[in-house]
Structures are given as C-alpha cells and as structure tokens.
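From first to last, the protein sequence lines are chains A and B.
Here the numbering used here is used: the first residue of the first sequence is -3, the next is one more, and so on.
Here the numbering used here is used: the first residue of the second sequence is 2, the next is one more, and so on.
These are calculated hints, taken from the structure and not from any lab test.
Just so you know, even glycine gets a beta-carbon here, dropped at the ideal spot from N, CA and C.
A few of these clues could be false.
Unchecked claim - Over 12 angstroms on every C-beta distance to chain B, these chain A residues come out as not near it, computed from the model:
no.	residue
1	Asp28
2	Asn49
3	Ile67
4	Lys80
5	Ser128
6	Ala129
7	Arg131
8	Asn134
To be verified - Derived DMTMM-like pairs: lysine to aspartate or glutamate, alpha-carbon spacing no greater than 25 angstroms straight-line:
no.	chain 1	residue 1	chain 2	residue 2
9	A	Lys176	B	Glu114
10	A	Lys80	B	Glu251
11	B	Lys268	A	Glu159
12	A	Lys133	B	Glu267
13	B	Lys383	A	Asp97
14	A	Lys153	B	Asp300
15	B	Lys252	A	Glu159
16	A	Lys180	B	Glu114
17	A	Lys153	B	Asp281
18	A	Lys185	A	Glu151
19	A	Lys40	A	Asp126
20	B	Lys229	A	Asp5
21	B	Lys206	A	Glu151
22	B	Lys210	A	Asp126
23	A	Lys14	B	Glu224
24	B	Lys133	B	Glu103
25	B	Lys252	A	Asp97
26	B	Lys252	B	Asp356
27	A	Lys56	B	Asp281
28	B	Lys127	B	Glu172
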Amino acid sequence: MRMLFASSDRDLLECFGKLFEPDGWETVTVFDGTQVISSLAKEKYDIVILDRNIPRIEYKEVLTRIKKKNIPVIVLIYESVTPKILNEELLPTSFLPFPFDPGKIRAVIDNVMKKAMSVDTVKAAGAEIDVSAFRLKNGPAVTAEETDVFISVTEGKPLLAEEKVYISSLNAKLAGSGAKTRIKYISKKGFAAVAGNE
Amino acid sequence: MNKAEKKFRCYSLLTIFVLLTVLLAVINGVNFTMASSDADEITQMLAERQGTFEKGDALSGNTGFQQKGAFGMGPMGPDSPELNKSLRYFTVAFTGKENNAETVAFHISAVTESEAVSWAESLLGKKTGWTKYTYRYRVYKRNGATYVTVIDQGRELLPSYRILIISAVGEIIVLAASWLLLFSIGRKIYSPLEEADRKQKNFIKNANKEFRVPLTVISGNTELAERKYGPDDQTRSTRRQLAKMNELVEKLGKIGVFEEDGLQQEKVPVSEYLSAALDDAAERFSSQGLELHTDIDGDVTVSADPDSINKMIVELIDNAVKFALHKVSFTLKNENGYVVLETSNDAALPDGPADQIFDRFTTLENSDGTGLGLSYVKDTVKALRGRISANVANGIFTLRIFM
C-alpha cells in the first residue's frame, strides 16, 4: 500500500514518513503542489494526505487533480471542521484538523481505506449513500465522517459529540439530493434518519 | 460602531442631559420663585392697605415702604415709587352675610368689573396662588370683610418664560452638539481599542495556526521515540501536556470565528441540539453527583450557524458540570418572539452580577478553566444579535440568553 504525504513542513514529513511503516504503508513525502502532481503522474498511490496550505500550486487545483485519479484524499486543515468547510463544492474524502496524534490519523486512514474498498450502499428513509464513491445517490459528495454519521443514525447508534458537526451539512446535502430525508433528534432515542415531513 | 462605543455615547449624552436639565430647572425654578415672591410682596402690600394704593398714601420712595423681594430687591426694583402706577390689579371686597361684593380697586383692562367680581368669588376660600396662568391672587380679611386682590404679572413673568424657552432650545442645541462631539470623541477613544482587539484576535488566530503543526510533530515524534526506546515517564508526561495543549488550541481556534465571512445561516433546531447534548452529558452529571432538571419546549429554532449553536450548548454544559455543587437546570422557551435559554446551578460564588465571566481569558479563582468557554458563548450570542447575562443570587448562578 502506498501513501503520498504532502506538506510544506519538513519535520512533519520526516516524522509521518516513518510512522506508518509498521502498518504496512510505504510513504512518499512531498513538500509542494508541483511535486504532488508529478508524483501522481509517475506512480500509483492508494491514498493521499494533503496539507491544505500546500505551496506553489493552489490547494483546489491539487485536490482536483487527485480526485480525477479517484484516489481517496485526506486534507489536513488548520481549523475545526465546520459546516462551511463541509459544504465546499470540491470535497476531499476526509478533513482532519491539526493537531492530531498518530492514533487519530491512523484511524482516519483506516476508515477511509475501508470505505474506499467497500461495495456497500447505506439506505435510510429514502436516501442512499454509495460508500466507496463517497457520494449521495443523485446528490453531492460526502466525507467519510458524514457517511459514518449516516450509518450510525441508520443503525440507531448514538453519535459522539464531535460527530454532530456533520448533521447540518449532511441534512443540507440530503435536501440537495431531493431525497426528502433529514436527520432529526428524537428525544431519549437519539438521532435518526426520517422522511422530510415526519 | 461597536456596543461599548454606543454605550459610551448614550451614557455620556444622558449625563449631559441630566446635568443640563438640573441646571436649567434650578435657574428657571429660582426665576419663577422670585416672580411669585415679588407678586406676593405686592399683594401683601395691598392687603395691608385694604386692597388699594388710592387712599392718600401713594407709594413712593419716602413712604416708608422698604419692601424686600427675593435677593433683597423690591418688586419693581428697590422701592420703586412707580409701583402703584404700573400695577394692573383689582380688589373685590365681600361684606355682610350675603357676601355683597364691592370693587375696591379696579386698575385692569383685560376684564370687566362684573367679570372681576365673579372671578374673585371663585377664589373665595383660598389663600394665595396663581390663577389663569399669569395672575397672582391673595384672599384676606380686614375689618370683618373678605378681600380678594388679583394682580396681573404677565409682563413680569415674560422674562421668565423667555428664559425658559431659551434654555429649552439651548438644551436641545447643546445635546445635538454633544452628540456630534461624542461621535468624534468616541471614534478617537474606541478606534485604538478596536484595533487592539483586532490585533489580539489576529495574534491568537495566527499563533493558534502556528501551534497546530508543531503539536502534531511532537506527538508523532513521541510515538517514534516510544517505538524506539519504549514508553517511559517522560513520554507519558509529554502526552499529558500535549493533550492539554491540544484542548487549548481547540478553544483558541474558536476566537474570532464569527467575524469571518460565510458562516452558515440556517434554521437550527435548538431544542433537538440541547436535548441531545444533555442526554449525552447525563453520565457526566450523575458521575459528579449532580441533579439535572430540564424544561425544554419542543420545536424551538433559531436562524444561526448550527455548529456554533452546538458548540455553545456544549460549553454551557461543560461550565455547569465544572462549577455546579449539587443541582443544574436547563430551560429553553420561546418567549415574545425570542428564544430564551437559561441555565442555573448552585455555585460557591458571591451574590451579584457575574457578567465578567464572559470576558476572554477571565477565570474564576482556583479554577483550571481557560477563560475561553463562556467567552465563546458570548461571541455566539453576539453574532446572533442576542443578549446574554449572568448573575448570582442566594448562591444560585443563573446564565440567561435571549436570541
């Protein structure tokens, strides 16, 4: 399994270039946008970790090139995940805010890879997510975390506090897909996917 | 214009208004009192002379009248010999059981004698005072008869009315000029403060960004060190400190978030968010031995950024868990078109207003808080143009939000 790790911070690259070796990852580190694009043209990667502040080529351009190759991409951001960022037109597979510990990024990578290789779709209250495509049926792209939230509410699992940020963006995307489905909190039962008029 | 600047202008203008009003009220009050006192001096002189100056001892500088009005001045100036000639007055005497009226003196042109008699009749039973705005009267008894003397003070009151009107117009002009002046002074005072606040926020924001990658690298290198040499007290300590720093960075990241463009605005189901957050926190409340009471109206919504509302609720709950002694309550209601969110808990705090807890980096004594949680709550409410207040009464801390 091959990973491309792109950031302008050399210490970060040096550290995280070594960290995933025991997990079976071969990590290639690059420190600007042109290197990302040339690396993608030369070699195949299973996942890309991209620092949002990547220099030399604009982040959106780099992300577009990665997405064209259908490679899952985790974008490292310098703020918390917000509905605003989740509703951006060009969406990566996952956003991961700095600072994070190796355990956290490892869990995100595992989650993304598991979903990318999945053949499942998740259905609830008339809405459907194609898990490996990270996309709502007839609708916009969703992140791995939004997919997790949709799976949790479908299966009646309680949401973690930090997962609630994904509800409003997911509701906006559900509305955009025309599914007439929304995620709603039902007292003492938790969040559930319900038909729009319920 | 920020809220503090608006407050400064309003309070300054109110202070100027109160001071000016008091000053002008005193000036006009003294003026009017002097006019009344002068009129009373004259009616007293007339009373001593049975209602007229026409009985052989016309008032003059050497008649022995040493009338002293307000500030030692006579009503026409010091003992004016022209007083009896310039007065406009009438005196009606009521004699006998039938109260037969007789006009003792009549030096007035605005009323007829018969009107004067009926006017005097209407004043019987009174002592002294103003009638028909500018006439001063005195009712007194002499030799078994009741006399009513009415004098016209219109001309004497005219300067007082002029001063009153001039002072009222002057006050309006001064207030308008003060408002313009305060506008300029307010800008001069508050511009540097706003600039300092902006710089502080920018510094925090930039510092926050600059901390994020190094903390990630330290965390990664700690794991690499543990992998190479095994975990020890130093690496465990590093991890504990990293956890603290990560939490601080997370909180610092919230500062100034409301001043950025493009915050999402949508109908946020506050009832749902609050109920969910309280259900999630139920275990924390019970593990701390806290009794939780809730009164949450269904379908309370507010147009806002959903993530901010959710984080605000989390901060309120965190605060209650940290500082409550035994009981916590949360209520959420729609009242007169406002969403009212109230949380209260018993706390070891002195009674009184507690709004200072919303100031950035302000923490309670001996608290291990960052002073950022409730400051974020205030920023959220401010972004919604709502109001927030906190106070402690009888050992109960209450935080109230209108939005």
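Results for each hint:
1. Asp28: Its Cβ never comes within 12 angstroms of chain B, the nearest being 16 angstroms, so this holds.
2. Asn49: violated (9 angstroms)
3. Ile67: holds (22 angstroms)
4. Lys80: Violated, since 5 angstroms does not exceed 12 angstroms.
5. Ser128: Ser128(A) is indeed farther than 12 angstroms from all Cβ atoms of chain B, at 28 angstroms.
6. Ala129: The claim holds: Ala129(A) sits with its nearest Cβ about 25 angstroms from chain B, beyond 12 angstroms.
7. Arg131: holds (21 angstroms)
8. Asn134: holds (22 angstroms)
9. Lys176(A) x Glu114(B): violated (93 angstroms)
10. Lys80(A) x Glu251(B): holds (17 angstroms)
11. Lys268(B) x Glu159(A): holds (19 angstroms)
12. Lys133(A) x Glu267(B): holds (24 angstroms)
13. Lys383(B) x Asp97(A): It is violated: about 34 angstroms lies between the C-alpha atoms, which goes past 25 angstroms.
14. Lys153(A) x Asp300(B): holds (23 angstroms)
15. Lys252(B) x Glu159(A): Holds: Lys252(B) and Glu159(A) sit about 17 angstroms apart, inside 25 angstroms.
16. Lys180(A) x Glu114(B): violated (90 angstroms)
17. Lys153(A) x Asp281(B): holds (12 angstroms)
18. Lys185(A) x Glu151(A): Given pair Lys185(A), Glu151(A) holds - Cα atoms ~12 angstroms apart, limit 25 angstroms.
19. Lys40(A) x Asp126(A): Since the Cα atoms of Lys40(A) and Asp126(A) sit roughly 24 angstroms apart, the hinted pair holds (cutoff 25 angstroms).
20. Lys229(B) x Asp5(A): holds (23 angstroms)
21. Lys206(B) x Glu151(A): violated (39 angstroms)
22. Lys210(B) x Asp126(A): violated (35 angstroms)
23. Lys14(A) x Glu224(B): holds (11 angstroms)
24. Lys133(B) x Glu103(B): Holds, at roughly 22 angstroms.
25. Lys252(B) x Asp97(A): holds (17 angstroms)
26. Lys252(B) x Asp356(B): holds (20 angstroms)
27. Lys56(A) x Asp281(B): Not OK: Lys56(A) and Asp281(B) at ~37 angstroms, beyond 25 angstroms, violated.
28. Lys127(B) x Glu172(B): The hint is violated at about 37 angstroms.
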